[in-house]
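Protein chains: 2
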Amino acid sequence: MAYADLNENELSNLHETVSHEYAEMKARNLSLNMARGKPAAAQLDLSMPMLSLLSSADDCIAEDGTDCRNYGVLEGLPEARRLMAELLDDEPDNVIVGGNASLTMMFDTVSWFWTFGTLGSKPWREYDSVKWICLVPGYDRHFAITEHFGFEMIPVELGAGGPNMDEVERIAASDERVKGIWCVPKYSNPSGATYSDEVVRRLASMPCAADDFRIIWDNAYAVHHLFDDEADQDQLLDIGAACREAGNPDRYVKFGSTSKVTLPGAGIAAMAASPANIADLKKHLTISTISGDKMNQLRHVKFLRDGTGIAAHMRKHAAIMRPKFELVDRKLTEGLSDVGECSWLRPRGGYFVSFDAPEGTAKRIVALAKEAGVVMTGAGATWPHGNDPHDSNIRIAPSLPPVEELEEALDVFICCVKLAYLEKLIG
Amino acid sequence: MAYADLNENELSNLHETVSHEYAEMKARNLSLNMARGKPAAAQLDLSMPMLSLLSSADDCIAEDGTDCRNYGVLEGLPEARRLMAELLDDEPDNVIVGGNASLTMMFDTVSWFWTFGTLGSKPWREYDSVKWICLVPGYDRHFAITEHFGFEMIPVELGAGGPNMDEVERIAASDERVKGIWCVPKYSNPSGATYSDEVVRRLASMPCAADDFRIIWDNAYAVHHLFDDEADQDQLLDIGAACREAGNPDRYVKFGSTSKVTLPGAGIAAMAASPANIADLKKHLTISTISGDKMNQLRHVKFLRDGTGIAAHMRKHAAIMRPKFELVDRKLTEGLSDVGECSWLRPRGGYFVSFDAPEGTAKRIVALAKEAGVVMTGAGATWPHGNDPHDSNIRIAPSLPPVEELEEALDVFICCVKLAYLEKLIG
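Keeping their order, the protein sequence lines are chains A and B.
Under the working numbering, the first residue of the first sequence carries the number 2, and numbering increases by one thereafter.
Under the working numbering, the first residue of the second sequence carries the number 2, and numbering increases by one thereafter.
Bear in mind the hints are in silico, worked out from the structure with no lab data behind them.
Just so it is clear, the structure is predicted and the values come from calculations on it, not from any experiment.
Keep in mind that a hint or two might mislead.
Because identical chains share one entry, a pair is satisfied inside a single copy or across any pair of copies.
As the list claims (entries may be wrong) - Cut-off 30 Å, straight-line C-alpha distance, at most; resulting in silico cross-link-like pairs (DSSO-like, lysine-lysine): (1) K371 to K283; (2) K284 to K371; (3) K332 to K27; (4) K364 to K283; (5) K364 to K317; (6) K284 to K123; (7) K284 to K364; (8) K303 to K371; (9) K303 to K123.
The following block holds chain A by itself, in its conformation from the complex (with noise of 0.2 Å):
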């Protein structure tokens, strides 16, 4: 029986048998974390081949005869431009290879744009206010960074198929003053929804009120399967075509690394967009850097080759990750289908799963987990300034413990929601 149905006194003895489970829980000191999407060490050896491929002088010359442990390519070797609009699905001459992190790629063109305006555009800063859509439940580092530059974040629901676009539509053409879009369009974090070609193309052709709107996509999961048959794993539609076909060339700018795929922090970041993008992007480039470490790039392409060498590298991943998104579901489905007010998400890739627990008992499950030694993401983190108005969504990362801990992590937060919605219901 749901818990909404049970009456005060079996409300009242449920909650002293879980108040007694939970504390002998909290008796064994744990010590778990299912806060951030890390890999897990099995997964980080997968990559441990890459790290010998240059050891010689000979093994540093690129394709085109450049010495990669001298300066200069400041938009990254061709052949790791190559590798990476595989990654970005894109053509390699839009491709600008950069250091080993695209949140700080992300950060600068948001940065840059503020400070010197687009394509010949009235600089952000110059606006008395710059507005931003965020889709929710979303990413905190997108957040972050669109609230240190002071934007007003607009939160809109993010579903199945992607973020509500009527919503979307209505606010980018409502203001000059709303910029742009945080988007993780494939096995979004965190609740894995990947968006529809029809939504990729209303994106793409919406009439915006500001001439200089711009969807940051952030396609972080592009190959992030967590299984190998491809009628079982998402297709996005190319944004970047998209945009092209619907008059809005320069709408877009595509983001990704290779920090899920080979070494997190130790990877390779890189962003495409259109050509005029590009060009207008590459003129504070040049300022800031003189290139990425192209011998990162190097050893990156004589790793992962291809997109066929990437996929086949992202199935030995997903053989490590399935079986925890498997035990995920289960372990919810168990513990929780009869408690009611609880749902989540089956994810098809990405690095999380998306929990939303009855109102107004997400911190409080979250302060529980913690007591007892599990470290879950905040409550809150996936909306803008980590203020979630229903209090609900808590997001599981359950790729970085091994399966034995992830489950035993999992048995205490199950304790933990049943306990806050105990309380809740108690009142």
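Given the structure of chain A, go ahead and fit chain B onto it with the hints provided.
Below, chain B alone, put in the same frame as chain A:
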């Protein structure tokens, strides 16, 4: 006899001879480069063993147990901060290890001061104009950053012992919109000058109209001596200690990198500043990145170990660089001592020889050299906006070409100096 003392007939004859010599050189279809401060291949070879230091998963564990293959550690590994503290003459706690380029860290620092202010000061963008002291001859990429943000750049002469401090003090005290100064305090780019203790103390203690005046202390050549004997090495007073002593502890931000210690573009960069400045800058850094490349940090620590290890490694660089600098001085002396109106410095470290040609001939010399297949740094590049009012200073970068090629390139250069000067005298 100096060219200036020759009569019209003698000049004309000499012009014919030198023109003929130049034509012969041009006919050789050379392709030589003395343009940028790139290490030679032999220098890059010195760091090859570094590339094989991380091959097993165990190799990738930092001293505090951090798995360097995964996300985290914003400010850099403790051992990497310790290593870079030796290079920056500071405490590890005051050090942030960044990505592959100190240029990027400087760009970001200026950008963040401009956008957000520093230690609570008014953001620089809110002033009607921002002014900046640019020592000349200086580093073109520094000037490019302040130009990019629209700062008014005020050139001040840099002599053998550092800047003309009377001028620097006068300007810094004159206007609260004067917000800082670019400094390459040791083996300066391009003159090779090292600031005297008195200069460092005056920079640290001078009254500034702006409370948030900042010395950008780009100690790019901190350990880049040409000679092994300490008596033949320049010593630099620590700007941090000097600023603390003077009661201006937050006035400086230091930068450095291993770009010319290990591999350019594949090294590690770092900054050091007062605890207050570091805390302030980290507020922005934590939004723009998760961490630098810790794998590369660990590689560097394992390879260079500490200050003693760095010094030993730099002696190997010096053995390659020293003959080239000696060759430059010998060739210029042999070729130009009779010509007159030419002067150059004999630096004891760094990457450049600063050459002053007869006034009004530098652009012509560089153009002539280019026509004859020898690429030099653009004339004027050592001045803000690339505009040397004397059209005299040329930066010679002897590091990249092998000795035989360098000799050939210098022959061309000397011929071009003579020809341009003769053209000027003949009128």
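Hint check results:
1. When the C-alpha separation of K371 and K283 is checked against a cutoff of 30 Å, the pair qualifies only between copies, where the shortest distance is 26 Å, while the shortest distance within a copy is 45 Å.
2. In the homo-oligomer, the alpha carbons of K284 and K371 lie at most 30 Å apart only across protomers (25 Å), although the nearest pairing inside one protomer, at 46 Å, exceeds that limit.
3. In this homomeric assembly, K332 and K27 come within 30 Å of each other (Cα to Cα) only inside a single copy, at 19 Å, whereas the closest approach across copies is 78 Å.
4. In the homo-oligomer, the alpha carbons of K364 and K283 lie at most 30 Å apart only across protomers (27 Å), although the nearest pairing inside one protomer, at 43 Å, exceeds that limit.
5. For the homomeric pair K364 and K317, neither the shortest alpha-carbon distance inside one copy (35 Å) nor that between copies (59 Å) is at most 30 Å.
6. Taking the shortest alpha-carbon separations for K284 and K123, both the intra-copy value of 16 Å and the inter-copy value of 27 Å come in at or below 30 Å.
7. Taking the shortest alpha-carbon separations for K284 and K364, only the inter-copy value of 25 Å comes in at or below 30 Å, while the best intra-copy value is 45 Å.
8. In this assembly of identical chains, the alpha carbons of K303 and K371 never lie at most 30 Å apart, being 43 Å within a copy and 37 Å across copies at closest.
9. Taking the closest pair of Cα atoms, K303 and K123 never come within 30 Å of each other, the shortest separation being 43 Å inside a single copy and 49 Å across copies.
Violation of the numbered hints given earlier is confined to hints 5, 8, 9; the remaining hints are satisfied by the structure.
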